[in-house]
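Undergrad: One letter stands for each residue in the lines below.
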Amino acid sequence: MAITKKDVEHAAMLARLELSEDEKVTYTSQLDSILKYVENLRSVSTDGIEPTAHVVPVKISLREDNVKESLVQDEALANAPEKANGCFKVSRIIE
Amino acid sequence: MELYNLTIHQLNEKLVKREITSSELTEIFLKRIEGVDGKIKAYLTITPEDALMQARDADKRLVSARDITLLTGIPISVKDIFCTKGIRTTCASKILNNFIPPYDAAVIKKLKDAGAIILGKNNMDEFAMGSSTENSAFFVTRNPWDTERVPGGSSGGSAASVAAGECAASIGTDTGGSIRQPASCCGIVGLKPTYGRVSRYGMIAFASSLDQAGPMTKDVMDCAIMLNIMAGYDPMDSTSIDTPVPDYTKALTGNIKGLRIGIPKEYFVEGLDDNVEKAVMGAVEVLKKQGASIVDISLPHTDYAIAVYYLVATAEASSNLARYDGVKYGCRAKDSKNLMDMYCKTRDEGFGAEVKRRIMLGTYSLSAGYYDAYYKKASQVRTLIKRDFEEAFKICDVIVTPTSPTPAFKIGEKTADPLTMYLSDIFTISCNLAGIPGISIPCGFTNDNLPIGLQILGRPLDEETVLRTAYAYEQAADWHKKRARL
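For the protein sequence lines, the chains are A and B, in the order given. In case it helps, the working numbering puts the first sequence at residues 1 to 95. In case it helps, the working numbering puts the second sequence at residues 1 to 486.
Just chain A, same shape as in the assembly (with noise of 0.2 angstroms):
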């Protein structure tokens, strides 16, 4: 199954990176030699074998719906790129 650039700019687009012409023609040819080395994943029988997600099992963290300190606004707001009325802004996505 070898990987074709229309399968990495369908992925670029997922990924929502806007690859170069350049770009686009390594990582064909990068990704294909990395997935033809998975393969020998198909030569294991995991037949009724549970896939392991977490090696510990991880419980719901809930806790007492008490008010806490948090981030004020200035300071959540302190990295954002561009901001305007306490808001992070970004251009209009409603034509």
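Keep in mind the hints are simulated off the structure, nothing from the lab. Cβ coordinates follow ideal geometry from the N, Cα and C atoms, glycine included. Wrong hints could be hidden among the right ones.
To be verified - Restricting the straight-line Cα-Cα distance to at most 27 angstroms, the calculated cross-link-like pairs of lysine-lysine (BS3-like) are:
| hint | chain 1 | residue 1 | chain 2 | residue 2 |
| --- | --- | --- | --- | --- |
| 1 | B | Lys482 | B | Lys14 |
| 2 | B | Lys337 | A | Lys24 |
| 3 | B | Lys328 | A | Lys5 |
| 4 | A | Lys36 | B | Lys328 |
| 5 | B | Lys334 | A | Lys83 |
| 6 | A | Lys24 | B | Lys345 |
| 7 | A | Lys68 | B | Lys328 |
| 8 | B | Lys345 | A | Lys5 |
| 9 | B | Lys109 | A | Lys68 |
| 10 | B | Lys345 | A | Lys83 |
To be verified - Per label pair, the in silico range of CB-to-CB distance:
| hint | chain 1 | residue 1 | chain 2 | residue 2 | range |
| --- | --- | --- | --- | --- | --- |
| 11 | B | Arg323 | A | Lys36 | 22 to 32 angstroms |
| 12 | A | Gly86 | B | Lys85 | 13 to 23 angstroms |
| 13 | A | Asp47 | B | Ala353 | 30 to 40 angstroms |
| 14 | B | Asp113 | A | Asp74 | 38 to 48 angstroms |
Said to hold, decoys possible - Some chain A residues judged to face chain B by a derived CB distance under 8 angstroms, without partners named:
| hint | residue |
| --- | --- |
| 15 | Glu18 |
| 16 | Tyr37 |
| 17 | Asn40 |
| 18 | Pro51 |
| 19 | Val58 |
| 20 | Ser61 |
| 21 | Phe88 |
Using the hints, position chain B against chain A.
TA: Just chain B now, with coordinates in the frame of chain A:
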């Protein structure tokens, strides 16, 4: 020996006896950084004013002899992956070039509360993706033992700063070997604790089911001292484990009589450097002489670990790095046509080649039609790798292997082919997939005077046996007293 070459426990003695103040010590380390960091480039950011202010507070604590720990007044460095309140935190990426966190990571807070002095933030591979620190968006860090060579990675700046005497100790993170492999390359001690032993809160995420923070130090005692402070449950990290933290320094008895050491045959194969093999087998002999017994074991799924890792880690990374969208923090590309265009341009400009490659691989393998063949399959084989260790630990107490198949390689040697670089993590990756603790300690030098690392792996939450074994070897072998000449 120069003060900057001393360990935490040696410096603590001098601080407590008032032979030196923390302020004086901090000045000594700052001067050392000024003297050698132009050559080594271990630091992305140096924070002298903050450090000296912390040192004055530490001195007050030391004078009153109240509320002091073994770390009070000790100058350390930290990998630039940990959020530090008010201090630029870049993760060695252009996309976070101007990011100033409004809070401290849990580990940073613990170290500060203990009285440690933070000298600055260490260089690393961008977003911890790499094994040589060559993937930093800013500059390459050099190995103090041979400045033509890499310090390993991704915590290469941390390892180099310890080896060069630019701090007393440091902290790094380890997703597939990023503490242990650079520790091995730089001739220092590096521990990756059990997954969940140390809080990940405020540690910039790469692969959340594998990432773990740990100490990087000049000897095993220092490693135990640091872990005592770093470990523990944190309600802010839902994967942190809620079990009591023992005093790890108590485990350093020097006695390993009756300890069963497993040697996995899959780790002594083609591609293993002769010098490394000789040093590791020599270390096994030393452990045997101290009363440990050797058990031949098998970890049959070792060959699949790299493939599993590069599917699991990239899948998690593609999701974790979605947050860098140019909206809430970090850089934003100029002159974009609309929101979508802004996202795509920002991410293309902000991420380096290796980060993009991994985001692409993760996105592809999670995308419609490929999920079962790649991510799910890898997660199932991960279960088998974990079971390999569970089986092995029925007949042995620790597993001993080389940390890395080769000593530090030359700068530029492995940058052309990503797969070759990935293979340098072949002995460290399984430990993260299984979630178990692992340490790298110095076990000798090559003919070219490059450090070699010994890896000791243990059962989940059994850092004590890992440290006990490491300490017994270290005290018998004495490699930890050698320092790089600069």
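Undergrad: Just to be careful: measuring from the Cβ of Val58/A to every Cβ in chain B, is the smallest value less than 8 angstroms?
TA: holds (6 angstroms)
Undergrad: Lys68/A and Lys328/B were given as a pair; does the straight-line alpha-carbon distance stay at or below 27 angstroms?
TA: Measuring from Cα to Cα gives roughly 23 angstroms; hence the hint holds.
Undergrad: Does the Cβ-Cβ separation between Gly86/A and Lys85/B fall within 13 to 23 angstroms?
TA: holds (22 angstroms)
Undergrad: Please check whether Asp113/B and Asp74/A have a Cβ separation lying inside 38 to 48 angstroms.
TA: violated (25 angstroms)
Undergrad: Taken at face value, is the distance from the CA of Lys5/A to the CA of Lys345/B at most 27 angstroms?
TA: holds (19 angstroms)
Undergrad: Do Asp47/A and Ala353/B keep their Cβ atoms within the hinted range of 30 to 40 angstroms?
TA: holds (38 angstroms)
Undergrad: Against chain B, run the beta carbon of Pro51/A and see if the smallest gap drops under 8 angstroms.
TA: holds (3 angstroms)
Undergrad: Can you confirm whether the C-alpha distance between Lys345/B and Lys83/A stays at or below 27 angstroms?
TA: This hinted pair holds, its Cα atoms lying about 19 angstroms apart.
Undergrad: With the threshold set at 27 angstroms, check whether the alpha-carbon distance from Lys24/A to Lys345/B stays at or below it.
TA: Satisfied, since the Cα-Cα distance of roughly 15 angstroms is no more than 27 angstroms.
Undergrad: Interface hint check: Ser61/A, Cβ to nearest Cβ on chain B, cutoff 8 angstroms. Holds or violated?
TA: With a closest approach of 4 angstroms, the Ser61/A hint holds.
Undergrad: With 8 angstroms as the cut and Cβ atoms as the points, is Tyr37/A at the interface with chain B?
TA: holds (6 angstroms)
Undergrad: Quick one, are Lys109/B and Lys68/A close enough, alpha carbons at most 27 angstroms?
TA: holds (18 angstroms)
In terms of the numbered hints stated before, the structure departs from hints 3, 4, 14, listed from lowest to highest.
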